[in-house]
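All chains, please: the whole structure from these sequences, using the hints.
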Amino acid sequence: MKKMIFSVLLLLPICIYYVLSSPKPNNANPQIASVLNEQEVHQISLGLANIFWKQLAQYSPFYDFEEVLENLKDLESGKKKPFPKKESQEQMLSLIDKISTYQNRLNLKASEDYLEKVAKQGNIVEVIPHKLYYELLSKGQPLLSDSNHFQIHLIESKLCDGEEVIMQNTRLSNSPITLDLSDTILGFAKAASGMATGERRKIYIHPELSYGKHGRHGFQQLIICDVERL
430 MKKMIFSVLL
440 LLPICIYYVL
450 SSPKPNNANP
460 QIASVLNEQE
470 VHQISLGLAN
480 IFWKQLAQYS
490 PFYDFEEVLE
500 NLKDLESGKK
510 KPFPKKESQE
520 QMLSLIDKIS
530 TYQNRLNLKA
540 SEDYLEKVAK
550 QGNIVEVIPH
560 KLYYELLSKG
570 QPLLSDSNHF
580 QIHLIESKLC
590 DGEEVIMQNT
600 RLSNSPITLD
610 LSDTILGFAK
620 AASGMATGER
630 RKIYIHPELS
640 YGKHGRHGFQ
650 QLIICDVERL
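The working numbering runs 429 ahead of the 1-based position in the sequence shown.
No lab work stands behind these hints: they were computed from the structure.
Among the clues, some could well be false.
Derived pair list, reagent style DSSO-like, types lysine-lysine, alpha-carbon separation capped at 27 angstroms [said to hold, decoys possible]:
{"#": "1", "residue 1": "K515", "residue 2": "K560"}
{"#": "2", "residue 1": "K619", "residue 2": "K483"}
{"#": "3", "residue 1": "K546", "residue 2": "K560"}
{"#": "4", "residue 1": "K538", "residue 2": "K527"}
{"#": "5", "residue 1": "K514", "residue 2": "K527"}
{"#": "6", "residue 1": "K483", "residue 2": "K510"}
{"#": "7", "residue 1": "K619", "residue 2": "K560"}
{"#": "8", "residue 1": "K549", "residue 2": "K619"}
{"#": "9", "residue 1": "K514", "residue 2": "K483"}
{"#": "10", "residue 1": "K631", "residue 2": "K549"}
{"#": "11", "residue 1": "K514", "residue 2": "K502"}
{"#": "12", "residue 1": "K527", "residue 2": "K515"}
{"#": "13", "residue 1": "K502", "residue 2": "K538"}
{"#": "14", "residue 1": "K538", "residue 2": "K508"}
{"#": "15", "residue 1": "K527", "residue 2": "K631"}
{"#": "16", "residue 1": "K483", "residue 2": "K509"}
{"#": "17", "residue 1": "K619", "residue 2": "K568"}
{"#": "18", "residue 1": "K515", "residue 2": "K587"}
{"#": "19", "residue 1": "K508", "residue 2": "K546"}
{"#": "20", "residue 1": "K546", "residue 2": "K587"}
{"#": "21", "residue 1": "K631", "residue 2": "K514"}
{"#": "22", "residue 1": "K502", "residue 2": "K515"}
{"#": "23", "residue 1": "K549", "residue 2": "K527"}
{"#": "24", "residue 1": "K619", "residue 2": "K546"}
{"#": "25", "residue 1": "K560", "residue 2": "K587"}
{"#": "26", "residue 1": "K527", "residue 2": "K619"}
{"#": "27", "residue 1": "K549", "residue 2": "K587"}
{"#": "28", "residue 1": "K483", "residue 2": "K546"}
{"#": "29", "residue 1": "K560", "residue 2": "K549"}
{"#": "30", "residue 1": "K515", "residue 2": "K483"}
{"#": "31", "residue 1": "K568", "residue 2": "K546"}
{"#": "32", "residue 1": "K568", "residue 2": "K538"}
{"#": "33", "residue 1": "K538", "residue 2": "K514"}
{"#": "34", "residue 1": "K546", "residue 2": "K631"}
{"#": "35", "residue 1": "K619", "residue 2": "K631"}
{"#": "36", "residue 1": "K549", "residue 2": "K538"}
So the derived label-pair ranges between C-beta atoms look like this [as the list claims (entries may be wrong)]:
{"#": "37", "residue 1": "T607", "residue 2": "K483", "range": "33 to 39 angstroms"}
{"#": "38", "residue 1": "Y492", "residue 2": "I595", "range": "26 to 32 angstroms"}
{"#": "39", "residue 1": "K568", "residue 2": "F491", "range": "47 to 53 angstroms"}
{"#": "40", "residue 1": "K514", "residue 2": "K568", "range": "56 to 62 angstroms"}
Even for Gly, the Cβ is constructed at its ideal location relative to N, Cα and C.
This is the structure we're talking about:
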(Lines of atoms letter the chains of each structure in order from A and count residues from 1; the text may use other names and numbers.)
(Lines give C-alpha, C1' and ligand atoms only; values in the text may rest on other atoms or scores of the structure.)
Protein backbone atom coordinates (compact mmCIF):
# COMPACT_ATOMS: atom_id res chain seq x y z
CA MET A 1 0.00 0.00 0.00
CA LYS A 2 2.65 2.47 1.04
CA LYS A 3 4.66 1.90 -2.12
CA MET A 4 1.57 2.40 -4.25
CA ILE A 5 0.58 5.59 -2.44
CA PHE A 6 4.08 7.03 -2.67
CA SER A 7 4.22 6.39 -6.43
CA VAL A 8 0.90 8.19 -6.78
CA LEU A 9 2.20 10.97 -4.57
CA LEU A 10 5.07 11.64 -6.94
CA LEU A 11 2.65 12.33 -9.78
CA LEU A 12 -0.33 13.98 -8.13
CA PRO A 13 1.30 17.13 -6.69
CA ILE A 14 3.28 17.66 -9.88
CA CYS A 15 0.17 17.37 -12.10
CA ILE A 16 -1.92 19.62 -9.90
CA TYR A 17 0.89 22.11 -9.32
CA TYR A 18 1.69 22.62 -12.98
CA VAL A 19 -1.93 22.62 -14.13
CA LEU A 20 -3.09 25.04 -11.46
CA SER A 21 -0.04 27.30 -11.68
CA SER A 22 -0.30 27.55 -15.47
CA PRO A 23 -2.06 30.55 -17.05
CA LYS A 24 -5.83 30.08 -16.82
CA PRO A 25 -7.97 29.96 -19.98
CA ASN A 26 -9.80 33.15 -18.98
CA ASN A 27 -6.45 34.94 -18.62
CA ALA A 28 -4.78 33.45 -21.67
CA ASN A 29 -3.93 35.23 -24.88
CA PRO A 30 -7.09 34.87 -27.03
CA GLN A 31 -4.97 33.78 -29.99
CA ILE A 32 -3.46 30.91 -27.97
CA ALA A 33 -6.80 30.02 -26.38
CA SER A 34 -8.39 29.61 -29.82
CA VAL A 35 -5.88 26.96 -30.97
CA LEU A 36 -8.27 24.22 -29.82
CA ASN A 37 -11.86 23.99 -30.96
CA GLU A 38 -14.75 23.30 -28.60
CA GLN A 39 -14.57 19.53 -29.09
CA GLU A 40 -10.82 19.48 -28.38
CA VAL A 41 -11.31 21.57 -25.23
CA HIS A 42 -13.92 19.01 -24.18
CA GLN A 43 -11.40 16.20 -24.79
CA ILE A 44 -8.70 17.93 -22.73
CA SER A 45 -11.18 18.57 -19.92
CA LEU A 46 -12.29 14.95 -19.95
CA GLY A 47 -8.67 13.77 -20.00
CA LEU A 48 -7.79 15.94 -17.00
CA ALA A 49 -10.86 14.70 -15.14
CA ASN A 50 -9.78 11.11 -15.73
CA ILE A 51 -6.20 11.82 -14.60
CA PHE A 52 -7.36 13.53 -11.42
CA TRP A 53 -9.97 10.88 -10.70
CA LYS A 54 -7.47 8.03 -10.99
CA GLN A 55 -5.19 9.84 -8.56
CA LEU A 56 -8.02 10.69 -6.16
CA ALA A 57 -9.23 7.09 -6.16
CA GLN A 58 -5.90 6.04 -4.65
CA TYR A 59 -6.66 8.20 -1.61
CA SER A 60 -10.19 6.94 -0.99
CA PRO A 61 -11.71 7.16 1.60
CA PHE A 62 -9.39 9.82 3.01
CA TYR A 63 -10.67 12.91 1.23
CA ASP A 64 -13.84 14.98 0.92
CA PHE A 65 -14.78 15.15 -2.77
CA GLU A 66 -16.89 18.29 -2.40
CA GLU A 67 -14.04 20.03 -0.61
CA VAL A 68 -11.62 19.01 -3.37
CA LEU A 69 -13.93 20.60 -5.96
CA GLU A 70 -14.32 23.75 -3.85
CA ASN A 71 -10.56 24.12 -3.51
CA LEU A 72 -10.07 23.61 -7.24
CA LYS A 73 -12.59 26.37 -7.95
CA ASP A 74 -10.82 28.70 -5.50
CA LEU A 75 -7.46 27.95 -7.11
CA GLU A 76 -8.84 28.48 -10.62
CA SER A 77 -10.42 31.80 -9.69
CA GLY A 78 -7.32 33.01 -7.89
CA LYS A 79 -9.09 33.14 -4.53
CA LYS A 80 -6.43 30.77 -3.24
CA LYS A 81 -2.84 30.43 -4.37
CA PRO A 82 -1.37 26.97 -5.02
CA PHE A 83 1.08 25.67 -2.43
CA PRO A 84 4.72 25.40 -3.48
CA LYS A 85 5.38 21.85 -4.68
CA LYS A 86 7.67 21.05 -1.72
CA GLU A 87 5.09 22.22 0.81
CA SER A 88 2.37 20.12 -0.83
CA GLN A 89 4.56 17.03 -0.79
CA GLU A 90 5.58 17.49 2.84
CA GLN A 91 1.98 17.96 3.92
CA MET A 92 0.82 14.88 2.03
CA LEU A 93 3.74 12.76 3.25
CA SER A 94 2.94 13.43 6.89
CA LEU A 95 -0.68 12.38 6.38
CA ILE A 96 0.21 9.33 4.31
CA ASP A 97 2.68 8.24 6.96
CA LYS A 98 -0.13 8.36 9.52
CA ILE A 99 -2.39 6.29 7.25
CA SER A 100 0.38 3.78 6.50
CA THR A 101 1.30 3.36 10.16
CA TYR A 102 -2.30 2.56 11.04
CA GLN A 103 -2.71 0.23 8.04
CA ASN A 104 0.48 -1.61 9.01
CA ARG A 105 -0.90 -2.21 12.51
CA LEU A 106 -4.06 -3.69 11.01
CA ASN A 107 -2.01 -5.85 8.62
CA LEU A 108 0.21 -7.13 11.44
CA LYS A 109 -2.80 -8.07 13.57
CA ALA A 110 -4.40 -9.88 10.60
CA SER A 111 -1.11 -11.70 9.88
CA GLU A 112 -0.73 -12.91 13.46
CA ASP A 113 -4.37 -14.00 13.70
CA TYR A 114 -4.00 -15.94 10.44
CA LEU A 115 -0.80 -17.63 11.62
CA GLU A 116 -2.50 -18.62 14.86
CA LYS A 117 -5.15 -20.48 12.85
CA VAL A 118 -2.51 -22.08 10.60
CA ALA A 119 -0.55 -23.32 13.62
CA LYS A 120 -3.57 -25.31 14.83
CA GLN A 121 -3.80 -27.37 11.63
CA GLY A 122 -2.64 -30.95 12.08
CA ASN A 123 -0.50 -31.13 8.94
CA ILE A 124 1.59 -28.03 9.69
CA VAL A 125 5.33 -28.05 10.45
CA GLU A 126 6.46 -25.35 12.88
CA VAL A 127 9.82 -23.80 11.97
CA ILE A 128 9.71 -20.78 14.30
CA PRO A 129 6.86 -20.56 16.85
CA HIS A 130 4.26 -17.90 15.94
CA LYS A 131 6.42 -16.74 13.00
CA LEU A 132 7.10 -19.42 10.41
CA TYR A 133 5.27 -22.57 9.33
CA TYR A 134 4.94 -24.80 6.30
CA GLU A 135 2.55 -27.43 5.04
CA LEU A 136 3.96 -30.41 3.12
CA LEU A 137 1.89 -30.63 -0.06
CA SER A 138 3.86 -33.44 -1.73
CA LYS A 139 7.00 -35.43 -0.97
CA GLY A 140 9.99 -35.44 -3.29
CA GLN A 141 12.87 -37.72 -4.16
CA PRO A 142 15.80 -38.16 -1.75
CA LEU A 143 17.98 -35.06 -1.87
CA LEU A 144 21.10 -35.77 -3.90
CA SER A 145 22.75 -32.49 -3.00
CA ASP A 146 22.42 -30.04 -0.13
CA SER A 147 22.97 -27.16 -2.56
CA ASN A 148 20.97 -24.03 -1.80
CA HIS A 149 21.02 -23.10 -5.50
CA PHE A 150 18.13 -24.66 -7.44
CA GLN A 151 15.05 -24.12 -9.60
CA ILE A 152 11.53 -23.77 -8.25
CA HIS A 153 7.96 -23.21 -9.28
CA LEU A 154 6.43 -20.55 -7.04
CA ILE A 155 2.97 -19.25 -6.29
CA GLU A 156 3.51 -16.20 -4.08
CA SER A 157 0.58 -14.62 -2.26
CA LYS A 158 0.00 -11.93 0.33
CA LEU A 159 -2.73 -11.72 2.92
CA CYS A 160 -5.08 -8.86 2.01
CA ASP A 161 -8.30 -8.32 3.97
CA GLY A 162 -8.12 -11.89 5.24
CA GLU A 163 -7.79 -13.42 1.77
CA GLU A 164 -4.80 -14.87 -0.07
CA VAL A 165 -4.10 -12.66 -3.08
CA ILE A 166 -1.73 -14.14 -5.65
CA MET A 167 1.11 -11.82 -6.63
CA GLN A 168 3.18 -14.22 -8.74
CA ASN A 169 2.52 -17.63 -10.30
CA THR A 170 5.33 -19.29 -12.25
CA ARG A 171 3.21 -22.41 -12.76
CA LEU A 172 0.69 -20.42 -14.76
CA SER A 173 3.40 -18.83 -16.90
CA ASN A 174 5.51 -22.03 -16.95
CA SER A 175 8.61 -20.00 -16.09
CA PRO A 176 10.56 -21.60 -13.23
CA ILE A 177 12.82 -19.44 -11.07
CA THR A 178 16.47 -20.22 -10.42
CA LEU A 179 17.47 -18.98 -7.00
CA ASP A 180 19.97 -19.16 -4.18
CA LEU A 181 18.40 -19.34 -0.74
CA SER A 182 20.94 -16.82 0.55
CA ASP A 183 19.36 -14.23 -1.76
CA THR A 184 15.79 -14.82 -0.59
CA ILE A 185 13.90 -13.37 2.37
CA LEU A 186 14.82 -14.87 5.72
CA GLY A 187 11.55 -16.71 6.31
CA PHE A 188 11.59 -18.34 2.88
CA ALA A 189 15.24 -19.38 3.22
CA LYS A 190 14.61 -21.08 6.56
CA ALA A 191 11.37 -22.82 5.56
CA ALA A 192 12.60 -23.98 2.12
CA SER A 193 15.93 -25.26 3.42
CA GLY A 194 16.42 -29.01 2.93
CA MET A 195 13.69 -29.46 0.32
CA ALA A 196 14.04 -32.59 -1.79
CA THR A 197 13.74 -32.58 -5.57
CA GLY A 198 10.05 -32.67 -6.44
CA GLU A 199 8.99 -31.70 -2.92
CA ARG A 200 6.30 -29.07 -2.58
CA ARG A 201 5.62 -26.92 0.47
CA LYS A 202 3.24 -24.11 1.34
CA ILE A 203 5.14 -21.65 3.51
CA TYR A 204 3.58 -19.06 5.82
CA ILE A 205 5.91 -16.17 6.69
CA HIS A 206 5.36 -13.60 9.44
CA PRO A 207 6.17 -9.99 8.35
CA GLU A 208 9.15 -9.92 10.74
CA LEU A 209 10.81 -12.62 8.62
CA SER A 210 9.93 -11.18 5.22
CA TYR A 211 13.16 -9.34 4.60
CA GLY A 212 16.52 -10.08 2.99
CA LYS A 213 19.48 -8.29 1.44
CA HIS A 214 17.26 -5.50 0.14
CA GLY A 215 15.57 -4.73 3.46
CA ARG A 216 12.03 -5.15 4.75
CA HIS A 217 9.02 -4.77 2.49
CA GLY A 218 7.44 -2.59 5.21
CA PHE A 219 3.77 -3.49 4.66
CA GLN A 220 3.39 -5.92 7.60
CA GLN A 221 1.58 -8.43 5.39
CA LEU A 222 1.78 -12.18 5.77
CA ILE A 223 3.56 -13.78 2.81
CA ILE A 224 2.45 -17.21 1.62
CA CYS A 225 4.64 -19.19 -0.77
CA ASP A 226 3.56 -22.39 -2.52
CA VAL A 227 6.96 -23.67 -3.66
CA GLU A 228 8.07 -26.81 -5.50
CA ARG A 229 11.74 -27.70 -5.91
CA LEU A 230 12.46 -28.88 -9.47
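Evaluated hints:
no. : hint                            : result
1   : K515 x K560                     : violated, 41 angstroms
2   : K619 x K483                     : violated, 41 angstroms
3   : K546 x K560                     : holds, 12 angstroms
4   : K538 x K527                     : holds, 17 angstroms
5   : K514 x K527                     : holds, 20 angstroms
6   : K483 x K510                     : holds, 24 angstroms
7   : K619 x K560                     : holds, 11 angstroms
8   : K549 x K619                     : holds, 20 angstroms
9   : K514 x K483                     : holds, 20 angstroms
10  : K631 x K549                     : holds, 15 angstroms
11  : K514 x K502                     : holds, 19 angstroms
12  : K527 x K515                     : holds, 19 angstroms
13  : K502 x K538                     : violated, 42 angstroms
14  : K538 x K508                     : violated, 45 angstroms
15  : K527 x K631                     : violated, 34 angstroms
16  : K483 x K509                     : holds, 24 angstroms
17  : K619 x K568                     : holds, 18 angstroms
18  : K515 x K587                     : violated, 34 angstroms
19  : K508 x K546                     : violated, 57 angstroms
20  : K546 x K587                     : holds, 16 angstroms
21  : K631 x K514                     : violated, 46 angstroms
22  : K502 x K515                     : holds, 22 angstroms
23  : K549 x K527                     : violated, 34 angstroms
24  : K619 x K546                     : holds, 21 angstroms
25  : K560 x K587                     : holds, 15 angstroms
26  : K527 x K619                     : violated, 33 angstroms
27  : K549 x K587                     : holds, 20 angstroms
28  : K483 x K546                     : violated, 37 angstroms
29  : K560 x K549                     : holds, 13 angstroms
30  : K515 x K483                     : holds, 22 angstroms
31  : K568 x K546                     : holds, 24 angstroms
32  : K568 x K538                     : violated, 32 angstroms
33  : K538 x K514                     : violated, 36 angstroms
34  : K546 x K631                     : holds, 15 angstroms
35  : K619 x K631                     : holds, 13 angstroms
36  : K549 x K538                     : holds, 17 angstroms
37  : T607 x K483: 33 to 39 angstroms : holds, 37 angstroms
38  : Y492 x I595: 26 to 32 angstroms : holds, 30 angstroms
39  : K568 x F491: 47 to 53 angstroms : holds, 49 angstroms
40  : K514 x K568: 56 to 62 angstroms : holds, 59 angstroms
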